[in-house]
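K.L.:
In case you want the letters, here they are:
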Amino acid sequence: GESVGLHLPTLSVQEGDNSIINCAYSNSASDYFIWYKQESGKGPQFIIDIRSNMDKRQGQRVTVLLNKTVKHLSLQIAATQPGDSAVYFCAGRYIERKTSYDKVIFGPGTSLSVIP
Amino acid sequence: DTGVSQNPRHKITKRGQNVTFRCDPISEHNRLYWYRQTLGQGPEFLTYFQNEAQLEKSRLLSDRFSAERPKGSFSTLEIQRTEQGDSAMYLCASRQGLATGELFFGEGSRLTVL
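In order, the protein sequences belong to chains A and B. So the first sequence is numbered by my numbering: it starts at 1 and just counts up by one. So the second sequence is numbered by my numbering: it starts at 117 and just counts up by one.
One or more hints might be untrue.
The calculated BS3-like cross-link candidates involving lysine-lysine, where the alpha carbons are at most 25 angstroms apart (straight line), are [stated by the list, open to error]:
| hint | chain 1 | residue 1 | chain 2 | residue 2 |
| --- | --- | --- | --- | --- |
| 1 | A | Lys-98 | B | Lys-127 |
| 2 | B | Lys-127 | A | Lys-42 |
| 3 | A | Lys-56 | A | Lys-68 |
| 4 | B | Lys-173 | B | Lys-187 |
| 5 | A | Lys-56 | A | Lys-71 |
| 6 | B | Lys-173 | B | Lys-127 |
Please keep in mind that the hints were generated in silico from the structure rather than gathered at the bench. Every value quoted in this text rests on a predicted model; they were computed, and no experiment measured them.
Can you make the complete structure from the sequences, with help from the hints?
P.N.:
Take a look at the structure:
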């Protein structure tokens, strides 16, 4: 079925180190995979997305890697800062071919704590 | 502020009461989505509008839940005869087209049912 899930529920990293957050998915029908950041009491905030026909995409201090062979997605954050402390969700977007109806399905999240 | 706006931000109600949440999407966005999020979980898809048409509803959306987007602009989500299990954050998101994977989320409406 449609599901996007995560390997680890929590991750602690030292400030300045790189962070890697992993995600496994089961449905290969996504056309986009997306990473969101959610701070306490706020709505999810878009970080970066990657089309399903790509392997890697880089943003500012973030890189997303997609391995379709093993259905694995990762988010790398370079030089992690205290402001990066949040819950990170991976998500997959699914579009119904005939109707163009779309929906984004989220995984359960990884809590990232940055140790000063 | 031209982002997605949700009201009220917090709602505390007694079991059995009806509640209504409002979402004002980004003005040019034709697609609007409602999600529900419980503590420690990712947002769960509830329903989707394209303009004023409600095109998909999750099985999570029981008959006590109804959503509307009467003029293709703002949307309301009503929960009738609330139950304690309805306590959650209700998130609204919008986008225009499908060119990217990005959804623009509001800050959510937190519902507590006593």
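K.L.:
Give a verdict on every hint.
P.N.:
Against the structure, the hints come out as follows:
{"no.": "1", "hint": "A/Lys-98 - B/Lys-127", "verdict": "39 angstroms, violated"}
{"no.": "2", "hint": "B/Lys-127 - A/Lys-42", "verdict": "15 angstroms, holds"}
{"no.": "3", "hint": "A/Lys-56 - A/Lys-68", "verdict": "11 angstroms, holds"}
{"no.": "4", "hint": "B/Lys-173 - B/Lys-187", "verdict": "19 angstroms, holds"}
{"no.": "5", "hint": "A/Lys-56 - A/Lys-71", "verdict": "14 angstroms, holds"}
{"no.": "6", "hint": "B/Lys-173 - B/Lys-127", "verdict": "23 angstroms, holds"}
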